[in-house]
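Q: Sequence:
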Amino acid sequence: MKRVLLKLSGEALAGDKKHGFDEATCIGVAKQVKELVEDGIQVAIVTGGGNFWRGRTSETIDRVKADQIGMLATVMNCLYVSEIFRHVGMKTEIFTPFVCGAFTTLFSKDGAVQALEEGKVIFFAGGTG
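In my numbering, the protein residues as written are 26 to 154.
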């Protein structure tokens, strides 16, 4: 079984917009990933958060706090994109390195591998993108 790890930058999710999401762009990405899954490829995705937050551009916020804000932006992106993937007919699961309530699953290698083997597209959120 082949596995791939894709990186989706926040800017890519925004499409032609400066921030937020471009739904048509996200649906297009989801359909392309669905083709990979249908071909038997296990897919994991890391998202950036640059469509919401660019910490390195802030002169007033501590760098660590800026990175933490960006990490939370990746969670928002994964929540949105995973719903788009579900809309086009895929199963998904979001993993984070910290507890995020009922929104995500706390990362473990075994949990991620199991989700992939169940045919889910998995998302890694809560990192620095």
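Honestly, the hints are just simulated from the structure, not real lab data.
Incorrect hints may have been included.
[Said to hold, decoys possible] Derived pair list, reagent style EDC-like, types lysine to aspartate or glutamate, alpha-carbon separation capped at 16 Å:
#1 Lys59 / Glu143
#2 Lys134 / Glu108
#3 Lys27 / Glu48
#4 Lys116 / Glu63
#5 Lys116 / Glu143
#6 Lys56 / Glu108
#7 Lys116 / Glu36
#8 Lys27 / Asp64
#9 Lys116 / Glu142
#10 Lys59 / Asp92
#11 Lys27 / Glu63
#12 Lys59 / Asp135
#13 Lys27 / Glu143
#14 Lys27 / Glu142
[What the hints assert, rightly or not] Label-pair restraints from in silico Cβ distances:
#15 Glu84 / Ile52: 18 to 26 Å
#16 Lys59 / Glu84: 25 to 33 Å
#17 Thr85 / Lys134: 32 to 40 Å
#18 Lys42 / Thr153: 35 to 43 Å
#19 Gly136 / Lys32: 19 to 27 Å
#20 Phe123 / Leu30: 14 to 22 Å
#21 Val138 / His44: 33 to 41 Å
#22 Lys27 / Ala127: 28 to 36 Å
#23 Asp87 / Val138: 17 to 25 Å
We treat Cβ as the ideally placed atom computed from N, Cα and C, and that holds for glycine.
Q: With reference to the structure, classify each hint as holding or not holding.
A: Checked hints:
1. Lys59 / Glu143: Status holds; Cα separation ~15 Å.
2. Lys134 / Glu108: 23 Å, violated
3. Lys27 / Glu48: Distance of about 28 Å is beyond 16 Å: violated.
4. Lys116 / Glu63: The given pair, whose Cα atoms are some 12 Å apart, holds under the 16 Å limit.
5. Lys116 / Glu143: 9 Å, holds
6. Lys56 / Glu108: The hint holds at about 13 Å.
7. Lys116 / Glu36: Violated - the C-alpha atoms of glutamate 36 and lysine 116 are around 24 Å apart, more than 16 Å.
8. Lys27 / Asp64: Holds: lysine 27 and aspartate 64 sit about 10 Å apart, inside 16 Å.
9. Lys116 / Glu142: Holds: lysine 116 and glutamate 142 sit about 12 Å apart, inside 16 Å.
10. Lys59 / Asp92: 31 Å, violated
11. Lys27 / Glu63: It holds: about 12 Å lies between the C-alpha atoms, which stays within 16 Å.
12. Lys59 / Asp135: Cα-Cα ~23 Å, so violated.
13. Lys27 / Glu143: OK: lysine 27 and glutamate 143 at ~14 Å, within 16 Å.
14. Lys27 / Glu142: Between lysine 27 and glutamate 142 the Cα gap is close to 11 Å, so the pair holds against 16 Å.
15. Glu84 / Ile52: 18 to 26 Å: 37 Å, violated
16. Lys59 / Glu84: 25 to 33 Å: 42 Å, violated
17. Thr85 / Lys134: 32 to 40 Å: 38 Å, holds
18. Lys42 / Thr153: 35 to 43 Å: The hinted range 35 to 43 Å is violated for lysine 42 and threonine 153, with Cβ atoms some 23 Å apart.
19. Gly136 / Lys32: 19 to 27 Å: 21 Å, holds
20. Phe123 / Leu30: 14 to 22 Å: 20 Å, holds
21. Val138 / His44: 33 to 41 Å: Holds - the Cβ-Cβ distance for valine 138 and histidine 44, about 34 Å, lies within 33 to 41 Å.
22. Lys27 / Ala127: 28 to 36 Å: Since the Cβ atoms of lysine 27 and alanine 127 sit about 32 Å apart, the hinted range of 28 to 36 Å holds.
23. Asp87 / Val138: 17 to 25 Å: 36 Å, violated
Of the numbered hints stated above, those contradicted by the structure are hints 2, 3, 7, 10, 12, 15, 16, 18 and 23, listed in ascending order.
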